[in-house]
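With chain G held as given, fit chains H and W onto it using these hints.
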Amino acid sequence: METLQIPTREREEMIDITTEVQKLIRQNGWGDGGVLLYCPHTTGAITINEGADPDVKRDIVVNMRRLVPHQGDYRHAEGNSDAHLKVSMFGPSQMIIVESGDLKLGTWQRVFFCEFDGPRTRKLWVKWLSA
Amino acid sequence: METLQIPTREREEMIDITTEVQKLIRQNGWGDGGVLLYCPHTTGAITINEGADPDVKRDIVVNMRRLVPHQGDYRHAEGNSDAHLKVSMFGPSQMIIVESGDLKLGTWQRVFFCEFDGPRTRKLWVKWLSA
Amino acid sequence: METLQIPTREREEMIDITTEVQKLIRQNGWGDGGVLLYCPHTTGAITINEGADPDVKRDIVVNMRRLVPHQGDYRHAEGNSDAHLKVSMFGPSQMIIVESGDLKLGTWQRVFFCEFDGPRTRKLWVKWLSA
Numbered sequence: 001m002e003t004l005q006i007p008t009r010e011r012e013e014m015i016d017i018t019t020e021v022q023k024l025i026r027q028n029g030w031g032d033g034g035v036l037l038y039c040p041h042t043t044g045a046i047t048i049n050e051g052a053d054p055d056v057k058r059d060i061v062v063n064m065r066r067l068v069p070h071q072g073d074y075r076h077a078e079g080n081s082d083a084h085l086k087v088s089m090f091g092p093s094q095m096i097i098v099e100s101g102d103l104k105l106g107t108w109q110r111v112f113f114c115e116f117d118g119p120r121t122r123k124l125w126v127k128w129l130s131a
Numbered sequence: 001m002e003t004l005q006i007p008t009r010e011r012e013e014m015i016d017i018t019t020e021v022q023k024l025i026r027q028n029g030w031g032d033g034g035v036l037l038y039c040p041h042t043t044g045a046i047t048i049n050e051g052a053d054p055d056v057k058r059d060i061v062v063n064m065r066r067l068v069p070h071q072g073d074y075r076h077a078e079g080n081s082d083a084h085l086k087v088s089m090f091g092p093s094q095m096i097i098v099e100s101g102d103l104k105l106g107t108w109q110r111v112f113f114c115e116f117d118g119p120r121t122r123k124l125w126v127k128w129l130s131a
Numbered sequence: 001m002e003t004l005q006i007p008t009r010e011r012e013e014m015i016d017i018t019t020e021v022q023k024l025i026r027q028n029g030w031g032d033g034g035v036l037l038y039c040p041h042t043t044g045a046i047t048i049n050e051g052a053d054p055d056v057k058r059d060i061v062v063n064m065r066r067l068v069p070h071q072g073d074y075r076h077a078e079g080n081s082d083a084h085l086k087v088s089m090f091g092p093s094q095m096i097i098v099e100s101g102d103l104k105l106g107t108w109q110r111v112f113f114c115e116f117d118g119p120r121t122r123k124l125w126v127k128w129l130s131a
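Those sequence lines, one after another, are chains G, H and W. The numbering used here numbers the first residue of the first sequence as 1 and each following residue consecutively. The numbering used here numbers the first residue of the second sequence as 1 and each following residue consecutively. The numbering used here numbers the first residue of the third sequence as 1 and each following residue consecutively.
Hints in this document: simulated from the structure, not taken from any laboratory. Only a predicted model underlies this, so the values are computations on that prediction, with no experimental measurement involved. A portion of the hints provided could be inaccurate.
Said to hold, decoys possible - Label pairs and their calculated CB-CB ranges:
no., chain 1, residue 1, chain 2, residue 2, range
1, H, Ser-130, G, Trp-108, 26 to 34 Å
2, H, Thr-19, G, Thr-19, 21 to 29 Å
3, G, Arg-120, W, Asp-32, 26 to 34 Å
4, W, Gln-27, H, Glu-78, 47 to 55 Å
5, G, Met-1, W, Gln-71, 22 to 30 Å
6, G, Ser-130, W, Thr-19, 26 to 34 Å
7, H, Thr-3, W, Asp-32, 29 to 37 Å
8, H, Asp-102, G, Pro-119, 41 to 49 Å
Unchecked claim - Here chain W is said to cover these stretches of chain G; the calculated rule only asks that three of the stretch's residues, wherever they fall, bring their Cβ under 8 Å from a Cβ of chain W:
no., segment
9, 33-44
10, 84-98
11, 125-131
Glycine included, C-beta positions come from ideal geometry on N, C-alpha and C.
Just chain G, with the same shape it has in the complex (with noise of 0.2 Å):
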């Protein structure tokens, strides 16, 4: 299992880290197979969308957080339920196939990291699974 740490600088954030897990799946000599990208943390998710406009990742985090308010009926003394309710709408994962060593995306897919409480420095967990 390899890890990437991941700095975010704002609340709520979609960050690009598909060059950075193309690097790895490299480094590591990974050749077909499936990639799992996992967030250990709960208020942190990974999806993948559309990447060439920068207003769909504006436009997914504003509409996240208008269907799950940062304020609301919540008990969670943290303040931070929302965060944790969009993290189990998203999933804290994603499994990408790789084949001779290039992550298969569609043209104009993209992998984020989602930080839904931050700004924090995160891990993301790389692990690796054979044909």
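For chains H and W alone, kept in the frame of chain G given last:
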């Protein structure tokens, strides 16, 4: 990795792909492991849900539209930010157990390709991971 | 593939299954790879979230009920379309890293079986995928 072609007919649609995926597993002689169904499009997702009553698909599509409407506080110029958000909520892929060449699903479960900005002809990537 | 039995007591409930899953991994002698936790029921899901404060579970269940109410614009005659929709949002499975027989979770992470239309006795399928 194998590829299936999925034609869609409406803007938002859930298409039962269980039979095609099962056929592909048999054709490839895959035995015991897991199969990753992966959508390489940023307005498409994969989900697993009840397939016996078509009203379940209808209820899911209609209520996701209520939660994430087509028009709203969006800046992305293509006018399909609702579709991108739904994809992050459902996820671009599903991993399913395979035993003795059989896709292991619960009694009422079927596998659906979800298009949220169709109609289009889409690809589904299918990757075998051995146990 | 192994099977765990999960009894539930309420209509909507998150049950911490971390200890049972860890025990199963040890019993099977699984070492280094990934474990797929898969719910074969169409009103059940698997999620990973904060497990230290029970208010987090409560906040997630209550706020998912607000977003996807039990009564609404539903045609499915069984009256549990809300549960089906929540399953598509949380997902029917989670893949978790295993190293040296240990389930690799973050400090605050626990694994939960989510029932959205209980109480019922449910099954959880556990599939080992080697690295």
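Are at least 3 residues of the segment 84-98 of chain G within less than 8 Å of chain W when you compare beta carbons? Held - the segment 84-98 of chain G has 9 residues with a Cβ nearer than 8 Å to chain W, which meets the minimum of three.
Mind checking the hinted window 26 to 34 Å against the Cβ distance between Ser-130(G) and Thr-19(W)? holds (29 Å)
Between Met-1(G) and Gln-71(W), is the Cβ distance one that fits in 22 to 30 Å? violated (45 Å)
Could you tell me whether the CB distance from Ser-130(H) to Trp-108(G) stays inside 26 to 34 Å? holds (30 Å)
Regarding Arg-120(G) and Asp-32(W), is the given constraint of 26 to 34 Å on their beta-carbon distance met? Given a distance of about 29 Å, which is inside 26 to 34 Å, the answer is holds.
Taking 47 to 55 Å as the stated bounds, is the beta-carbon spacing between Gln-27(W) and Glu-78(H) within them? holds (51 Å)
Holds or violated: the segment 125-131 of chain G covered by chain W, criterion of 3 or more residues with Cβ-Cβ distance under 8 Å? holds (count 5)
In this structure, is the beta-carbon distance linking Thr-3(H) and Asp-32(W) contained in 29 to 37 Å? holds (31 Å)
Distance restraint evaluation - Thr-19(H), Thr-19(G), Cβ atoms, bounds 21 to 29 Å: Given range 21 to 29 Å: violated, Cβ gap about 38 Å.
Three residues minimum, CB to CB under 8 Å: does the segment 33-44 of chain G make the cut for coverage by chain W? Let me know. holds (count 6)
Beta-carbon spacing of Asp-102(H) to Pro-119(G) - inside the hinted bounds 41 to 49 Å or not: holds (47 Å)
Of the numbered hints given earlier, the model fails hints 2 and 5; all others are met.
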